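Trainee: For reference, the chains in residue letters:
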Amino acid sequence: MGTYSKTAAAITMAAFLSAGAVNSVNAQTAFPTKPIVAIVPFSPGGGNDILLRLISKHANEFLGQTLVVENKPGAGGQIGWTALAKSKADGYTIGATSLPSMVIIKAMRPATPFALDDFRYICNIQVDPVIWVVKADSRFKTAKEFVAQASNPQKVINIAGDGPQSNVQLQHLAAAKALGLSTNFVSFSGSGPAVTALLGGQVEIAATTLSSAIPNIEAGKLRALVVFSSDPVLSLPDVPTASKLFGKAIPSVGMAVRGLAVPKGVPDDAVAKLEGAFKQLSDSKAFLAEAKNLGIMVKFMNAAEAEALVKESAKEVDALKDLLK
Amino acid sequence: MAQISKTKECWFAVAMILLSAALLAQAFMYPAQSSQFPRFLMVLQLLFSAALLVVALRLPHEKTKDGGSKQRLAALRAPFQVFVASSAYVLAIGYVGYFVSTAFFLCGSMYWFGTHKPVVLIAVGAGFILTVYALFVFFIGVRLPEGILI
Amino acid sequence: MESILNGIALGSTQLLDPMVLLLIVLGTVFGIIIGSLPGLTSTMGVALLVPVTFGMTPVQGLALLGAIYCSSTYAGAISAILINIPGTPANCSTLLDGFPMTKLGQGGLAIALATAASAIGGFMSNFGLLFLAPPLAELALRFGSQEYFLLALFGVSVIASLSEGNMLKGFTSGTLGLFLAIVGMHPMTGDIRFTFGIPELFNGLPLVVALIGLYSIPEVIANLSEKSTNEETTAAEVKGVFGQMMEVFKYKMVMFKATVIGLIVGIVPGAGSSIAGFIAYDNAKKASKQPESFGKGNPAGVVASETANNAVVGGSLIPTLTLGIPGNAVSAVLLGGLMIHGLKPGPGLFAENGEIIYGFILSMFVANLVFVPVGLFVSRYGVKFIKTPASILGPLVIGLGVVGAYALNMSLVDVWIMIAMGMLGFVMKQFDVPREPMVLGLVLGTMAEGELARSMSLVQGDVPALFASMFTRPLSLIIIGLTAISVFQGLRSQFRKKGPFLD
Chain S
1 MGTYSKTAAA
11 ITMAAFLSAG
21 AVNSVNAQTA
31 FPTKPIVAIV
41 PFSPGGGNDI
51 LLRLISKHAN
61 EFLGQTLVVE
71 NKPGAGGQIG
81 WTALAKSKAD
91 GYTIGATSLP
101 SMVIIKAMRP
111 ATPFALDDFR
121 YICNIQVDPV
131 IWVVKADSRF
141 KTAKEFVAQA
151 SNPQKVINIA
161 GDGPQSNVQL
171 QHLAAAKALG
181 LSTNFVSFSG
191 SGPAVTALLG
201 GQVEIAATTL
211 SSAIPNIEAG
221 KLRALVVFSS
231 DPVLSLPDVP
241 TASKLFGKAI
251 PSVGMAVRGL
261 AVPKGVPDDA
271 VAKLEGAFKQ
281 LSDSKAFLAE
291 AKNLGIMVKF
301 MNAAEAEALV
311 KESAKEVDAL
321 KDLLK
Chain V
1 MAQISKTKEC
11 WFAVAMILLS
21 AALLAQAFMY
31 PAQSSQFPRF
41 LMVLQLLFSA
51 ALLVVALRLP
61 HEKTKDGGSK
71 QRLAALRAPF
81 QVFVASSAYV
91 LAIGYVGYFV
101 STAFFLCGSM
111 YWFGTHKPVV
121 LIAVGAGFIL
131 TVYALFVFFI
141 GVRLPEGILI
Chain G
1 MESILNGIAL
11 GSTQLLDPMV
21 LLLIVLGTVF
31 GIIIGSLPGL
41 TSTMGVALLV
51 PVTFGMTPVQ
61 GLALLGAIYC
71 SSTYAGAISA
81 ILINIPGTPA
91 NCSTLLDGFP
101 MTKLGQGGLA
111 IALATAASAI
121 GGFMSNFGLL
131 FLAPPLAELA
141 LRFGSQEYFL
151 LALFGVSVIA
161 SLSEGNMLKG
171 FTSGTLGLFL
181 AIVGMHPMTG
191 DIRFTFGIPE
201 LFNGLPLVVA
211 LIGLYSIPEV
221 IANLSEKSTN
231 EETTAAEVKG
241 VFGQMMEVFK
251 YKMVMFKATV
261 IGLIVGIVPG
271 AGSSIAGFIA
281 YDNAKKASKQ
291 PESFGKGNPA
301 GVVASETANN
311 AVVGGSLIPT
321 LTLGIPGNAV
331 SAVLLGGLMI
341 HGLKPGPGLF
351 AENGEIIYGF
361 ILSMFVANLV
371 FVPVGLFVSR
381 YGVKFIKTPA
391 SILGPLVIGL
401 GVVGAYALNM
411 SLVDVWIMIA
421 MGMLGFVMKQ
431 FDVPREPMVL
441 GLVLGTMAEG
451 ELARSMSLVQ
461 GDVPALFASM
471 FTRPLSLIII
481 GLTAISVFQG
491 LRSQFRKKGP
501 FLD
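Protein chains in written order, with this note's numbering: chain S, 1 to 325; chain V, 1 to 150; chain G, 1 to 503.
Be careful, since some hints might not be right.
[Claimed, not checked] Listed next, the in silico SDA-like pairs over lysine to any residue satisfying Cα-Cα at most 25 Å (straight line): (1) S:72 x G:183; (2) S:155 x G:183; (3) S:34 x S:275.
These aren't lab readings, by the way, just hints derived from the structure by calculation. All values derive from a computational prediction rather than experimental measurement.
The task is simple: from the sequences and hints, build the whole structure.
Mentor: What follows is the structure, encoded as structure tokens:
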């Protein structure tokens, strides 16, 4: 009996071990073999959350595994990104990235316990430029009219926007500096409340991300004056870009670029697999159709481009960060 | 309601005065623009606590009871048990993982708090863990903390 | 009006889907479990089930989420009444009279009243959502920063009413709550204050986490300290539930006012169901002929707060659906759910996706009906649950609190905060300091500081201009007037009560 059970145990052990070995061989070729967790460093319902949940809805088809969204909000994303940087580098924990927010956090709070090169950037999927937006019946018919009015330091105009220390505020202050405006940036707790304040007539103009203002623009309640991006946006073809309109270089430093990253140290093949899967996903008709309906501007950037963009953003933010203090 | 005791009330008021004074001092370490509201609140708190002290001082002296300290110690038994058990539990979650530490915490603290029947301990512990597993992990897909074990 | 009736016709065809009805029932059961277990909240229930709805049609998914929202808001009353721990933050004001009723052996009656009041509050506010959404959304837009600030002051004025016996201690508790809420980033300058380097505190003390600790742990300690007093407090008269529920109609006026309060607080983005409960409670108390019986088991207190917090549900969905701006944390999560199902919340929603949205609103009427029998069934066993010895119940309550505090933000630091708040709650209980003012402070702190700072920024530091606009904008004037009435009533009842003692 004793010998028998020992033998049985040995056999079972051997079976387990060999199964483990087979599994690990498979893992080399067939990553992923279990669900992947995506950390979203913001609360449910925000821009990053919506994007990731949309991706997760379609991910199964391209990854062969489910993508589980896990919200780890707090401290403007710091908590979630710290958790991502410290998570196991096996490719089964990925995280949502958001430029320039990650860069701004690091610039404003140098003691933040993650570094920008703690991550391997897989890809970027969405861009969300900042716009100046007014009520449909506003006295500012064009951005130039606003700029003319806002150049008088005796009569400072209030502008609402997400803040403080947000990408929106940075974008507005960068533009104000380039154009010599004297405006009073009033921080609201998110682009949504800023749009509400604009609709309710508390302010005459707001700086918001495109995605949070678009439903009201399409409904004819709000009007976009100018978009801070290098190219005009498809959903608002008539709205001019800032650089073109004002004829000088205004950096689109506040444009939110959302993508995915893994902690440093994830094997190359896993990164490649993820990158390929998300590339296919962001090209797929079903995903694009739903993204368009939600006002999400899809623009895929691969790993190399995403990495380069982080460096560029870090440089731009560093040059302008004193504006936020 | 416990009997209103003069000593107790005085201690409370003094503690509140010290706390609000410390926080007020801390508030002045931050830029004025960012700390007006906390400064205002702590000045208010200081006033309330001072008023509490005045009220407490005007209370009649209570009669000293025999065995007061012993009774007080006995009254601290339950809070001591609860905080030790729950702190150890949360500490363990971080190192050992959720499920193992939960099993130990539930059985251990039920035993410590006075339920000694093994059947009850195991049934309640297993029931709780199964429910949490079914609800969070299986049905909803939440990841509970993993440590060395599970 | 015609378009609304058309919408109702369209929406009701959606409800004929048996799957939708089944999901409402399932959602209600799930919501009642989540809601009645201390530590597990409505926000969490809805957030956790959003991914589950991916495979469903939009109406099915939304019906499920809506049912969870309605039923969990109600079910928090069960644990508030039976074990003195609010199941969700919305039910903080319910325990003020709910638990004393249980101690008087009227736990069954309290639950029956809470159930009926919740259903009625939910029903009425859903009517508001259905018929009055556009004008109420217009009202929500009129709320500017200064109105938010005044609203926060109005909320603070309720503190006096919550601190029976010792007004000074109530104020101390409320001030501490306000202070704890504003630690972290300054809403305008971004400076970080009083966090001791803990990033979890950068956005203020996490409210729900704090509440779990503040109520669960002291209750566990109290139960362990008082040996075997539990049996006698549970003369649970479960029979004749229907008759008990009908008693709710004794409080028609209380319910009417509470519904209006809930609806209006609900449409104001950023306020929340706990504020509505407190304000309605305060209102019922001040309007009562025996204000001193509140806090000692007056059924009107339970009815007022449960009507109001369920009336918030419909109200909070008005700005969510019509403006795309969530009224509170739960509707923010629902908003995300809507968007994943391809709906674009905002002015165009009702026109473009009428049948889905009307289907969703109508499904919540059904949900408000369904939770009545399910809730009564659950609470029947809940009443037995409190006979469980403290040595078993205690670890279970702590276990639930831990998993709840963790699952909200997936953070162990939050669990530590929960335990620290538990210690604070215990100390407060030792010194007879009421906890409800602190809850109110925690809820209102960010609003008070942030909106005041924002109002100042909007007038660019011109304080006289700010004062002038507070007394010229009609909405500001109304809120100031209500606050004045509330304070005046409070003072009057205080004097009236002191009267006999002075003789």
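Trainee: Evaluate each hint against the coordinates.
Mentor: To see whether the hints hold, each was checked on the structure:
1. S:72 x G:183: holds (20 Å)
2. S:155 x G:183: Distance of about 34 Å is beyond 25 Å: violated.
3. S:34 x S:275: The given pair, whose Cα atoms are some 17 Å apart, holds under the 25 Å limit.
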